[in-house]
Amino acid sequence: MSASLDRSAPGPLLVVDDLHTGFQTERGLVRAVDGVSFTLERGRSLGVVGESGSGKTILSRSIMGLLPGRNLVRSGSVRFEGVDITHFSPKQMRGIWGKEMAMVFQDPMSSLNPLMRIGNQVSEPLRVHLGMPDKLAMATAEKLLRDVGISEAQRRLRQYPHELSGGMRQRVMIAIALACGPTMLFADEPTTALDVTVQAQILALINDQRRDRNMSLILVTHDLGVVAGHTDEIAVMYAGRLVEQAPTRTLFTQMKMPYTQALMESIPKLDQPSHTRLRTIPGRPPDLVNPPRGCPFAPRCAFARDRCREERPELIDATSPGHRFACWYPVGSPEYLETKQRIDAADAAGSAA
Amino acid sequence: MTVTIDLEQAIAEEATTRRRRRRPGSLGAWLGAAWLLLIGGMAVFADYLPFVRGYAQQVPYARNFAVHPGSDFWFGSDQLGRDVFARCIYGARVSLLVAISSILVGLTVGGVLGLAAGYFRGKTDRGVSIVADCLLAFPPVVIAILIVGRLDALSETGFSVLWWHPTRTWSVVIVLSLLSIAPITRIVRAQTLSLSQREFVVAARSIGANRRRILLREILPNLVPAMISVAFTGIAILLVAEGTLAFLGYSVKVPTPTWGYLINESRPKLRDAWWPTIFPCLMLFLTVVSFNLIGDRIARHFDVKEAAL
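Protein sequences, first through last, are from chains H and X. Oh and the first sequence: position 204 is 204 in this note's numbering, straight run, nothing missing. Oh and the second sequence: position 71 is 1071 in this note's numbering, straight run, nothing missing.
Simulated from the structure, these hints should not be mistaken for laboratory data. For clarity, every value in this text was computed on a predicted model and none was experimentally measured. Every residue gets a Cβ at the ideal spot worked out from N, C-alpha and C, and that includes glycine. One or more hints might be untrue.
Derived lysine to any residue pairs resembling SDA-like cross-links, with alpha carbons at most 20 Å apart [unchecked claim]:
hint, chain 1, residue 1, chain 2, residue 2
1, H, K91, X, R1212
2, X, K1123, H, P90
3, X, K1123, H, Q24
4, H, K91, X, A1116
5, X, K1123, H, S89
6, H, K91, X, Y1119
7, H, K91, X, N1210
8, H, K340, H, R279
9, X, K1123, X, R1211
10, H, K91, X, R1121
11, H, K91, H, D107
12, X, K1123, H, R70
13, H, K91, X, R1213
14, X, K1123, H, L72
15, H, K91, X, S1196
16, H, K91, X, R1211
17, H, K91, X, G1122
18, X, K1123, H, L157
19, H, K143, H, L157
So the derived label-pair ranges between C-beta atoms look like this [what the hints assert, rightly or not]:
hint, chain 1, residue 1, chain 2, residue 2, range
20, X, D1047, H, R155, 48 to 54 Å
21, H, D84, X, V1161, 18 to 24 Å
22, H, Q154, X, W1163, 38 to 44 Å
23, H, T192, X, V1142, 55 to 61 Å
24, X, L1037, H, R155, 34 to 40 Å
25, X, G1122, H, R155, 58 to 64 Å
26, X, F1247, H, R27, 50 to 56 Å
27, X, R1212, H, D84, 25 to 31 Å
28, H, Q154, X, G1122, 40 to 46 Å
29, X, A1033, H, V196, 46 to 52 Å
If you want a taste of the chain X side facing chain H, the calculated C-beta under 8 Å gives, among others [as the list claims (entries may be wrong)]:
hint, residue
30, H1068
31, P1069
32, G1070
33, D1072
34, R1121
35, L1195
36, R1198
37, F1200
38, R1205
39, G1208
40, A1209
Bound conformation, chain H alone (with noise of 0.2 Å):
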C-alpha cells in the first residue's frame, strides 16, 4: 500500500481540501476543524497558529489520521504525495507514519516512554520501517542524536528519559521523529512545555533539520513570534477555520483580518516604547458546537457590522500573490478606517479625560 506512494510524483506534497473534524459529545458536533483548505510545496514550512481551542492541534493530528476513532466525524480529503490517504486504514497508515509523516508533540516530558532506553525508542522506528540489524540500528540513532545536537550520543544512548532535561528529550523527540527521514513533519507547540532560552534552538535545530533533509513542515503554535522567523508562509487559525493565510513577510506586513492584528498587538515588540499597553483580545473563543451564524470572531471584533454578524466570510485572494483572507471590511478597507477613526478618537478622548 505505501508503494503507492511516489516520493517523486510531481506535484505538491500536501493537498488538504475542505477538511472537517469534529467530535460527536452529548451536547452535540464540536466542529474542531471547520472546512480548512490547503496546499502545502515540498520544502516548504507553514506555520498555523491560533489561540488554544482554535483547532489548530486537531488539524495536525487530523491530517496525520492520529486521532481516537470514537466519536470522530471527518470528512474532506487530505491527498499526501498526489494520495487520497483520506480513508486509509490504520494498517495503511502505518506505512506513512514514521516513514514519510512524522510528528514532534508539545510535552517532551510526557511524549517518550519512561521505561524504554533513549537508544532503543530511537532506533525502533529504523528497525520497524527500515529493518535495520539491531547494531546499525543502533549507530545510526547515535547518529541522530549527535545531528540534533546532543553531546555525548553514546552515553545518551544507553539513558533513560528521566535522565535527561526537556530540552534534551524534545532533541530525542526530533531524532525520532527524523529518523526515518519523513517528507513531512508536524511539530505540534514544540517550544511550549520549554525554557524561554532553549525554544530558539530548538526552533533553529527544526528549521535546520527541516532544510538538510528537504522536508516540508507544519508548525503549529500559539506564538506568533515563534513562526514569524521559521516558517515560508503563516496560517491564522480561529474557531476551527483558516482566516487568513499568508507568505510570512506579507502577514506581517499587509495582514487584512482583525483577528490577526489583534494577535500582532497582544505580543510584546521591541520597537515599542517601554510601558506600552499590550492590547488584549476582549471575549472568549466561540463555543465550537453552536458557532455564530455569521464570522465567528464577530463577537469580539471591534470592526464587526451587522452584516459581519449575519453572513459568514469565505477565504478570498488579496492582491498580493499567496495572500487569503476570510473578512468583510478588512485592514485597510474604508468602513474599517472609519471605525478605526473613531475608536482613535475615544481613546484620545479618555487618555485625555
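For chain H, the structure is supplied; the task is to place chain X on it using the hints.
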C-alpha cells in the same frame, strides 16, 4: 543573627521530621519482607530443618495438648501429639502455594482481558466488562462450594486428563483464580485506558508502531508496577479466602495442613488449649499484614491508585 540560626534549625527539624514521617511505611514493608522471607524459607526447606518435626509425626507424650508452648514444642502440641509449629510451617507451604499460584493465574487472565478491554475499547470492552461484572456479582462462597463440590464429584468418578486429575488443591486454586480475575481485570482495564491516552503512546503510533508493539512495549511495561502492588495485596486477600474455604471444610484435604484448616481444627478445644488455634491465626495475620504492607509500599512508590480492589 538569631533569626538565621532559627531558620536553619527549623529547616533541619523539618528535614528530620520529614525523614521520620517517611520511615514508618518503609520500615513496615521491610519487616514484612523479612517475615515473608523467614516463613517462605522455612516452608520451602521444612524437610531439611532439624527443628521442624514432620507435620503428621505424633509424639506419644504430647497427646491431648500435653505440651504447652516452650522450648520443646515451640507452639505447643495438639490433640494427637503433633507439633503445632511444624504444622504451621507446612501449612504455610500449601497456603502460600495456593494463594500465589491463584494470583498468577488471575494476573495472566485478568491482565489479558483488562489489556484488551482497555486498549481496544468498544465491543471488546463491553464484553469483558459484562463478564467481570458477572463474576463480581456471584457470591464468592457459593461459587466456591459449587466448584469444589462438582470437582469432588468428578474426582470420585476417577476422571483424569493425561496425568491430571482433579484434586482438592486444584479445586481451591481454580476457585481462587476465578475470584481474583474480575478485580484484576478492572484495575488493568482502568490503567490501560489511562495509559493509552498518554502522549508517549500517541507518539509511538505517530512513528508507525503496530498494535502488538504498543501493547507489549509501551503499555505492558508501564502496567508492571501497578500489577506488582496488586499482586501483593491480592495474595493477602487470597490467603484469607483460603482460610475461609478451609473453615467451611472446602479447602485442601486432610492431612495436608493449611493455615485455615489448622485454625478450624482445634477451635472446639479452644478452652482447653489456646495454642493450636491462636498460633496459626497469628501466622496468617502476620503474613497477610506483611503482604499488605509491601503492596502498599510498592503502590506508594510507583504512585499507583487502586481503583477496584
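Taking the hints in turn, this is what the structure says about them:
1. K91(H) x R1212(X): Measuring from Cα to Cα gives roughly 12 Å; hence the hint holds.
2. K1123(X) x P90(H): holds (18 Å)
3. K1123(X) x Q24(H): It holds: about 18 Å lies between the C-alpha atoms, which stays within 20 Å.
4. K91(H) x A1116(X): holds (18 Å)
5. K1123(X) x S89(H): Given that 20 Å is the threshold and the Cα spacing comes to 19 Å, the pair holds.
6. K91(H) x Y1119(X): holds (16 Å)
7. K91(H) x N1210(X): Roughly 8 Å separates the two Cα atoms, so the pair holds.
8. K340(H) x R279(H): Roughly 15 Å between the alpha carbons, so the hint for K340(H) and R279(H) holds.
9. K1123(X) x R1211(X): Holds, at about 17 Å.
10. K91(H) x R1121(X): holds (18 Å)
11. K91(H) x D107(H): Violated: K91(H) and D107(H) sit about 27 Å apart, past 20 Å.
12. K1123(X) x R70(H): holds (12 Å)
13. K91(H) x R1213(X): holds (13 Å)
14. K1123(X) x L72(H): Given pair K1123(X), L72(H) holds - Cα atoms ~17 Å apart, limit 20 Å.
15. K91(H) x S1196(X): holds (18 Å)
16. K91(H) x R1211(X): With a Cα-Cα distance of about 10 Å, the restraint between K91(H) and R1211(X) holds, given a limit of 20 Å.
17. K91(H) x G1122(X): Holds. K91(H) to G1122(X) sits at ~19 Å (cutoff 20 Å).
18. K1123(X) x L157(H): violated (40 Å)
19. K143(H) x L157(H): holds (11 Å)
20. D1047(X) x R155(H): 48 to 54 Å: Distance hint for D1047(X), R155(H) holds at roughly 50 Å.
21. D84(H) x V1161(X): 18 to 24 Å: violated (56 Å)
22. Q154(H) x W1163(X): 38 to 44 Å: violated (53 Å)
23. T192(H) x V1142(X): 55 to 61 Å: holds (56 Å)
24. L1037(X) x R155(H): 34 to 40 Å: For L1037(X) and R155(H) the Cβ distance comes to about 37 Å; the hint holds.
25. G1122(X) x R155(H): 58 to 64 Å: violated (44 Å)
26. F1247(X) x R27(H): 50 to 56 Å: holds (54 Å)
27. R1212(X) x D84(H): 25 to 31 Å: Holds - the Cβ-Cβ distance for R1212(X) and D84(H), about 28 Å, lies within 25 to 31 Å.
28. Q154(H) x G1122(X): 40 to 46 Å: At 44 Å between Cβs, range holds.
29. A1033(X) x V196(H): 46 to 52 Å: holds (47 Å)
30. H1068: violated (54 Å)
31. P1069: violated (49 Å)
32. G1070: violated (52 Å)
33. D1072: Where the cut-off is 8 Å and the nearest Cβ of chain H is about 53 Å from D1072(X), the hint is violated.
34. R1121: holds (7 Å)
35. L1195: Violated: closest Cβ of chain H sits about 10 Å from L1195(X), beyond 8 Å.
36. R1198: Nearest chain H Cβ about 6 Å off; hint holds.
37. F1200: holds (5 Å)
38. R1205: holds (6 Å)
39. G1208: Given a least distance of 4 Å, the restraint on G1208(X) holds.
40. A1209: holds (7 Å)
In summary, the numbered hints that this structure violates are 11, 18, 21, 22, 25, 30, 31, 32, 33, 35.
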